[in-house]
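Following the working numbering, the numbering of the sequence shown begins with 13 at its first residue and continues without gaps.
Keep in mind the hints are simulated off the structure, nothing from the lab. Using N, Cα and C, we set each Cβ at its ideal position, and we do this for glycine too. Treat the hints loosely; a few may be bogus.
Claimed, not checked - Here are the computed distance ranges between Cβ atoms for each label pair: (1) V133 with D175: 52 to 58 Å; (2) G234 with G119: 40 to 46 Å; (3) A222 with Q91: 47 to 53 Å; (4) Q335 with R213: 37 to 43 Å; (5) A218 with Q274: 40 to 46 Å; (6) D168 with N257: 15 to 21 Å; (7) D210 with E368: 43 to 49 Å; (8) E99 with D170: 45 to 51 Å; (9) V133 with Q335: 51 to 57 Å; (10) V295 with A218: 30 to 36 Å; (11) Q351 with T298: 36 to 42 Å; (12) T216 with R166: 19 to 25 Å; (13) D168 with E269: 25 to 31 Å; (14) E164 with A103: 47 to 53 Å.
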Amino acid sequence: MTTTSTATTDRGRIPAVPAPPTPATRRRWRRTVAATGLLAALIASAACGGADETAAIPTPTATRPSGPTAPPAADSDLQQTMTGILEAHRADDEFVGAVLALRTADGTAVTTTAGAQSLDVDSDPVDPDVPWNIGSATKPFVAVVVLQLAEEGRLDLDTGIEDFLPDLAGADRITPRQLLQHTSGLGDYIHQPAVLDDARREWTPAELIALAETAGRTGGPGGPHSYSNTNYTVLGEIIEQVTGNPWTDEVHERIVEPLDLQGTRLGSLRGVPGYVVDEGRLVEATDRWHPSVGGAAGALESTAADLLVFTEALRDGRLLSEQSQAEMGTFIPAEDLSQFGIDHRYGLGFEEYASEQLTVHGHLGSGSVHSAFFGFDPDSGAAVAVLMNVETSGPQAFVAFEALAAVHG
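The task is simple: from the sequences and hints, build the whole structure.
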């Protein structure tokens, strides 16, 4: 198994200490790095860094959508290639079940699956229409809502948030932009023993924010990038105060309905099988997280098909104005992965992984015993979404980058 033990999780970040790779894993790492120059970054130890330089993605000219995208074309060769990628990873015991959806810029598309819904001997094959938890891949949905509120003049990205959270120390110096970009200095509640020991109960955002404060801050507002789920928990509270609606309602109205995302919604404790890796073994841990633990930082569930549509909407600017699209895609240095030849940056709810061979914009997600990755190649225009029923922060990205590399040209 390629993944590290997930007795604790940060719901979608790079593992701090990778598990020792198996021979099969080593072979896959070498093949993938040779193809893309990116994936070693996803299983590496990462240290925070910061600088002033930024880099923006090209600003698209499309407007917001009035409905779903057109039905995709099919391609048997592409289908075979994508199925081969998934099956190779399944042969290395990297997941129980997985779904991959990919569409090239010309509309050629495939959806393929591998494995089963569970480890039960009589388990059904993976159903691509069954929503799985996407963990931290929730964050771009929340970021879109915040950016739309800024477009509407209801929120200023660069004004302190003291009006929304007056009891939060230093709130007058913490801005929505810093929260989106993880430069607020707020600590992360997810590692606190109180949460880890009682993760199945319902938590309020106020409780989680208070726990994060007991953990201490990583720095002052406006400092280097330091990934923290607390940032998006705070943003969820701000969305509710600005609109009068829960953040989930705003995501539904502004994203799910316009894009006709049939399988995207708030996660629930409903027994969808999921697994973690414990000392190299797959262990069922279905429903080990209450959705409130993730909240606006990681509580959505979705399908690969829905995530593909959402990815393309972000790529094409169908959800945001040109200015907001440029804001979202202005990246600052994130975890330092330069030793691997990787330039890793974080924007406003979006990540960039870049090497000489390939650049990918997207977001990793892990949590609630499932995992996700969605993103696109800004050079080729291809978009991809991957879901797995194992809580991990590696294999889903391996699959996604290999798929994009296969159609990079």
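Comparing the hints with the structure gives:
1. Taken as a hint, the range 52 to 58 Å holds for the pair V133 and D175, whose Cβ atoms sit roughly 57 Å apart.
2. In this structure the hint that G234 and G119 lie 40 to 46 Å apart at CB holds, the actual value being about 42 Å.
3. For A222 and Q91, the Cβ-Cβ distance of about 50 Å falls inside the hinted range of 47 to 53 Å, so the restraint holds.
4. The beta-carbon spacing between Q335 and R213, approximately 41 Å, falls within the hinted interval of 37 to 43 Å.
5. For the hinted restraint 40 to 46 Å between A218 and Q274, the CB-CB distance of approximately 33 Å leaves it violated.
6. Between D168 and N257 the CB atoms are about 20 Å apart, so this pair conforms to the stated range of 15 to 21 Å.
7. Separated by about 46 Å at the C-beta atoms, D210 and E368 satisfy the suggested range of 43 to 49 Å.
8. Taken as a hint, the range 45 to 51 Å holds for the pair E99 and D170, whose Cβ atoms sit roughly 48 Å apart.
9. The hinted window of 51 to 57 Å between V133 and Q335 holds, with their beta carbons roughly 55 Å apart.
10. As the Cβ distance of V295 to A218 is approximately 32 Å, the hint placing it in 30 to 36 Å holds.
11. Q351 and T298 have their C-beta atoms about 37 Å apart, which keeps the hinted 36 to 42 Å range intact.
12. Range check, T216 to R166: about 24 Å between beta-carbon atoms, so the 19 to 25 Å window is met.
13. The supplied range of 25 to 31 Å is met by D168 and E269, whose beta-carbon atoms lie about 26 Å from each other.
14. For E164 and A103, the hinted distance range of 47 to 53 Å is satisfied, since their beta carbons lie about 50 Å from each other.
In the structure shown, a violation is registered for the earlier hint numbered 5 alone.
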